[in-house]
Amino acid sequence: MVDYVTIWGISSRDISWVFAQLHLNLAAFVIAVPTFALIVEIIGFKTGDERYDNLAKDFARLITISLSLTSILGAIFLFVIIVLYPKFFSYFSQIFGGTMVFYAMLFFGEFIAAYLYYYGWDRLKNKKLLHIFIGFFLNSFGIAIMFVANAWVTFMMMPSGVKETGELYSLWEAINNPGWWPLNVHRLIANLAFGGAIVAAYAASNFLSAENEKEREYYDWMGYVGNFIAVSALIPLPFAGYWFGLEIYKYDQQMGITLMGGVLSWLWILQAIIIGVIFLGINYYLWIGMERIEGAERYRKYVPALLLVMTICFIIWFTPHSLVASLEEARKIGATLHPILSVLGIMTAKNTVVNIMILSTFLSFIIYRRSGKIPITSWARLGNFIFFSIIAVVAGYIIFLGIRGYFVETTVRINYSMYQVLAVLFVFIVCTPLDVAIYRKSNVIGSIKWGHMPPRSQYMLIVIAVSFTWLMGLMGFARSSSRLNWHVYKIMEDTSHSAFVPSLGYAAKIVSLITIIFFIMIGVIFFLTKMLEHRQEEKFKFIKE
Amino acid sequence: MEVKTGEKRTIRIFNPFFISGFLLVFIYLVLKFGIHPPIPSSLIAMYMGIIIFAIILYISSSESIFQEFLHPINLFLTLDRLKVPRTVIGIFIPLILGFWSYQMALPKYEPPAGLRTIHPAPPDEISVKDEKIVLSKANNPFRGDEVEKYKKEGWEIYFSRCMPCHGDNLNGNGHWAKRINPIPINFRDPGTIAMMPESFIFWRVAKGGMGLPDEGAPWDSAMPVWEHDLSAEEIWKVVLFIYEETGFQPKKWQ
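Keeping their order, the protein sequence lines are chains Z and F. Here my numbering is used: position 77 in the first sequence is 484, and no number is missing along the way. Here my numbering is used: position 161 in the second sequence is 164, and no number is missing along the way.
Calculated directly from the structure, the hints in this document are not laboratory data. Careful, some of the hints might be misleading.
Unchecked claim - A few chain Z positions that, by computed beta-carbon distances, are all more than 12 Å from chain F:
no.	residue
1	V487
2	S639
3	N791
4	I798
5	Y804
6	Y823
7	L832
8	D842
9	V851
10	I869
Said to hold, decoys possible - Dumping the calculated BS3-like pairs for lysine-lysine here, alpha-carbon to alpha-carbon at most 27 Å:
no.	chain 1	residue 1	chain 2	residue 2
11	Z	K897	F	K135
12	F	K154	F	K135
13	F	K255	Z	K897
14	F	K210	F	K140
15	F	K140	Z	K657
16	Z	K532	Z	K464
17	F	K135	Z	K657
18	F	K140	F	K154
19	Z	K916	F	K111
20	F	K255	Z	K657
21	Z	K657	F	K210
Think of the CB as a built atom: it goes at the ideal place given N, C-alpha and C, for glycine as much as any other residue.
Please model the complete structure; the sequences and the hints are all you need to start from.
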């Protein structure tokens, strides 16, 4: 048996790369959407608000077609691996053969549950609990599928349960390798963020092509909900990523350095730029959204300040530690590291600004929420004072830790970044209920005029979705490349001619290609889904509220 | 102050269009000439990109500001009396773009701007003079009670071997440094040795530019390989010296 097969001289690695990532993107979407369909359905059930049920069903409508496409791509990917990497696959199936059968069975379950969930929607209208139960199953299958696949990829990075020669002695250890749980959690959250962004883009594209006011109202709202989900999931995401990184360091120092400080370090600058764009985009969407709420003018004056803070943070965030400089410039600087920029380029500065960015986004949400209301709670003044004092103190604390971070040991500094995160979480946990309490009794001076959004706000939703997709591709590249020239790290070497880590520029091209193909596919899904919509009228009932 | 135009349409001087233009020029000038030593143009380009993005977001986040911003552009494009300037600009923009493309296409005699990994991942284990050293476990044998004495010995090695490149002030400014690219490392920069464990530095000194792993490519580092001229002990001593002299604490492997 040959070790590697090449077809038409196309790099086998690139082929499997593209299919793996496309499959992964769709799979992420298809696992996330049932989750919010279910949550929104439960909200609708609890509150008895019809429009939530409609929205949930709208989400569910996206599931079946995407699921079929996901499995087709998965099958192609499998086929690609079997044909192009026969030796690797035979080793891999020796180890994970059993789980592969299990995986296939889960897929069956997922399919059945998906069809029951969507097509049973109207029939089970009066047996909502049963329907929610099916939704629960659908989610469990989806998540289980992902967990199995995660075990495979993390095993390739951090093989466990095998001897140095590669023989398996414990399947459970191979599955439960150090990277498994961090990746499970990381992907679960990332899926929600990604799925939310894609759903928002779906709503945006429907908004832009809407034919009447009612459709515009509905899709504006849907886009808002999708975006809200994306943001809520985006905020805890870095922490899960951090955990994953920490496990990598613990497992293999060299792999950790390769990923963070070595060949791939420039990739994090790119990542920072994209996340910065996403953050600014989200805030922008909220600010435009305030235009459609009467009374929001009162808060308009805070927008420039928020934007200024975010821009400064963004700039610090992506300032690289080492520079791309021409010879002449390097001469002028006189050292490999620019004195000012090398101060901004290190971790303590970045952790600080990212937390401040999250806080600013939180503030944008708060002013958005408050736009149309005036509180008449007796203690509103005091409440507000406490509210903003907490935020000011926490922001000060985060910056203080950031500056202290320059003067202490790494081990201490790592704790600082934990404190910073906890401080932000503290704000969420304390200030959100406080805000709700202050506005419990309030005069509504202007309601949200759904549908009155300029098109550019919708384009921003699409930009956000594209950025998410691109970012996912980039991070997939990072994770795979950390293995360097190994199929299974330090167990099975990649001896093909594409064993090297491609340059960042090349990777960016492939990731862009993947993103384009993915959006074409998503476009097809959206199109087919629209055709599935029979009863347009029903859906827009809620609008009369 | 307001400028009257022919059709009684007015533009405020503090129009967002002018303010943002002014802001961009101002920030650019500060970045370009206000910072010493100058930051590379690649970075200035990135900063300006973000700032333009932020300004566009701000202007378009409010319908009224957006309309006001568009106002001078609309006037410029429609007013009859502005026909001449309009034509001039219409000719100039393509010319400028053309000139710019020409400049980009011109062959350059300068090495391309490089993206180098300054601190590539070290191997797990190295051998120096047939002695195996596991980097993540190795500690400087001379860190003990007699640091001062060994620092002195390290000092001698430094000034006989390293100073021409890394400078008498340890800031990478030795008299040979001017002719070397990449430049010798500035040990006083908080981003160099201060960020690394001591055994990493040991490895870099012992194996030099030639010993850089694949990702350290292109291998144009002039840092000599010291393992042939210095013993492992001497290397540890000079490493001790550069840390003690700069006052940085080596990092621990985490």
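Here's how the hints hold up against the structure:
no.: 1; hint: V487; in the structure: holds, 27 Å
no.: 2; hint: S639; in the structure: holds, 22 Å
no.: 3; hint: N791; in the structure: holds, 24 Å
no.: 4; hint: I798; in the structure: holds, 22 Å
no.: 5; hint: Y804; in the structure: holds, 23 Å
no.: 6; hint: Y823; in the structure: holds, 14 Å
no.: 7; hint: L832; in the structure: holds, 24 Å
no.: 8; hint: D842; in the structure: holds, 23 Å
no.: 9; hint: V851; in the structure: holds, 22 Å
no.: 10; hint: I869; in the structure: holds, 15 Å
no.: 11; hint: Z:K897 x F:K135; in the structure: holds, 20 Å
no.: 12; hint: F:K154 x F:K135; in the structure: holds, 25 Å
no.: 13; hint: F:K255 x Z:K897; in the structure: holds, 24 Å
no.: 14; hint: F:K210 x F:K140; in the structure: holds, 18 Å
no.: 15; hint: F:K140 x Z:K657; in the structure: holds, 14 Å
no.: 16; hint: Z:K532 x Z:K464; in the structure: holds, 11 Å
no.: 17; hint: F:K135 x Z:K657; in the structure: holds, 23 Å
no.: 18; hint: F:K140 x F:K154; in the structure: holds, 22 Å
no.: 19; hint: Z:K916 x F:K111; in the structure: holds, 25 Å
no.: 20; hint: F:K255 x Z:K657; in the structure: holds, 13 Å
no.: 21; hint: Z:K657 x F:K210; in the structure: holds, 26 Å
The structure shown violates none of the earlier numbered hints.
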